[in-house]
Amino acid sequence: MIYEFLESESALRQGDIFRNIPFAELSLSQIPIMDGDEPGITTWDDLVAAGESRPITALIAIQPVYAMVLTQDCDAARGRHICLAQVDQFLDVRGIRNAAPQTPKKWQSLLTSHMRENLRYFYLPADSSFGFNERMAVDLRVIIRVPRNDLMGLLHHRLGRLNQVAYEHFRENLAQFFRRYPYNEWYPLNKEEAEAYAEASPESVDLYSWQK
Amino acid sequence: MNSKVTSSSVQIPEYRSVRNATTSPALRLIDQYYSSLERAAAATVLPILLALTSITCGITYEVEPTTSRRYITSSLMTPFRRRTARRVSISEARRIALEVLRQANVDLQEERMSEASFVFRFWNERND
Chain S
0 MIYEFLESES ALRQGDIFRN IPFAELSLSQ IPIMDGDEPG ITTWDDLVAA
50 GESRPITALI AIQPVYAMVL TQDCDAARGR HICLAQVDQF LDVRGIRNAA
100 PQTPKKWQSL LTSHMRENLR YFYLPADSSF GFNERMAVDL RVIIRVPRND
150 LMGLLHHRLG RLNQVAYEHF RENLAQFFRR YPYNEWYPLN KEEAEAYAEA
200 SPESVDLYSW QK
Chain A
0 MNSKVTSSSV QIPEYRSVRN ATTSPALRLI DQYYSSLERA AAATVLPILL
50 ALTSITCGIT YEVEPTTSRR YITSSLMTPF RRRTARRVSI SEARRIALEV
100 LRQANVDLQE ERMSEASFVF RFWNERND
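Residue numbers (numbering that gives the first Met the number 0), protein chains in the order written: chain S, 0 to 211; chain A, 0 to 127.
By construction, these hints were calculated from the structure, which means they are not laboratory data.
Ideal Cβ placement from N, Cα and C applies to all residues, glycine included.
Be aware that one or more of the hints could be misleading.
What the hints assert, rightly or not - Okay, derived cross-link-like pairs now, SDA-like style, lysine to any residue, Cα gap no bigger than 20 Å in a straight line:
#1 S:105 x A:116
#2 S:211 x S:195
#3 S:105 x S:134
#4 S:105 x A:115
As the list claims (entries may be wrong) - DEER-style ranges, computed between Cβ atoms:
#5 A:106 x S:184: 20 to 28 Å
#6 S:152 x A:88: 30 to 38 Å
#7 S:63 x A:106: 16 to 24 Å
Generate coordinates for the entire structure from the input sequences, incorporating the hints supplied.
Put into structure tokens, the structure is as follows:
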């Protein structure tokens, strides 16, 4: 498929795919900390309220996940940290676990329209020889940062990388995703279209003066 | 000699005995010189003492369940809070850390499903 296998000593590059990358989540409203030798629960607001800048020790759960390197090659060669995006099962990333397409026709329609219309995810086809038994996707909104030197020590967890064609699509997808800025897609709709849009939207829609 | 002591809050005992015995003009000059020193000392020390007293007596404590707030009544000072944490057992701290991660995964999945029902609704409608 669209993957390449690598020698273990191959340089780290954008598009490299790893398994067992640590994913951690920190809540700012509920932080388990070690206050001296005693465990305690506090909030980030309380921790910084005194204006202290000293580090604290916190307890954080960590989960191993699949992830793809986002950091571009030059930074990956010498940067202190490497950024990766989580790779998850496509049906979960796409939010259609219970409504998966049942025919090749529907699958191709979903996948190609997804590539055109949604930059958040980058589709990775299943390839059991590579280690993906299911369709997967890179979720560009779930970012993980790890120390580069430590990641170099985990190269045996690297599955491989995207081939040249897939990589060129990925870097375009990545660049477009992070260069976006927000806009209201309903601004050019006429009054009737805007009302229909607002009715279908799960979020509140502030119509423009020319739509009222 | 006029033994009347000049009005000052700050006394200099070591000099007092000398001043009481002052009889000559030279010694009177010395006396005047040291009296002015006393006034200067009083003018410097008294405001400092008063400021220290007001600050020391002005601190109030207002205790909340998780945070101690300490206010200083001087308008020159701003309120600040002291860092505290609710004590828990290590197993409770571990449970909360795991719960934070579990909830993050749940929230992420809900966000994806919500997006699927709105952002992708046109594709879904086309393929129903």
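Hints and how they fare:
no.	hint	in the structure
1	S:105 x A:116	holds, 17 Å
2	S:211 x S:195	holds, 12 Å
3	S:105 x S:134	holds, 15 Å
4	S:105 x A:115	holds, 16 Å
5	A:106 x S:184: 20 to 28 Å	holds, 25 Å
6	S:152 x A:88: 30 to 38 Å	holds, 34 Å
7	S:63 x A:106: 16 to 24 Å	holds, 20 Å
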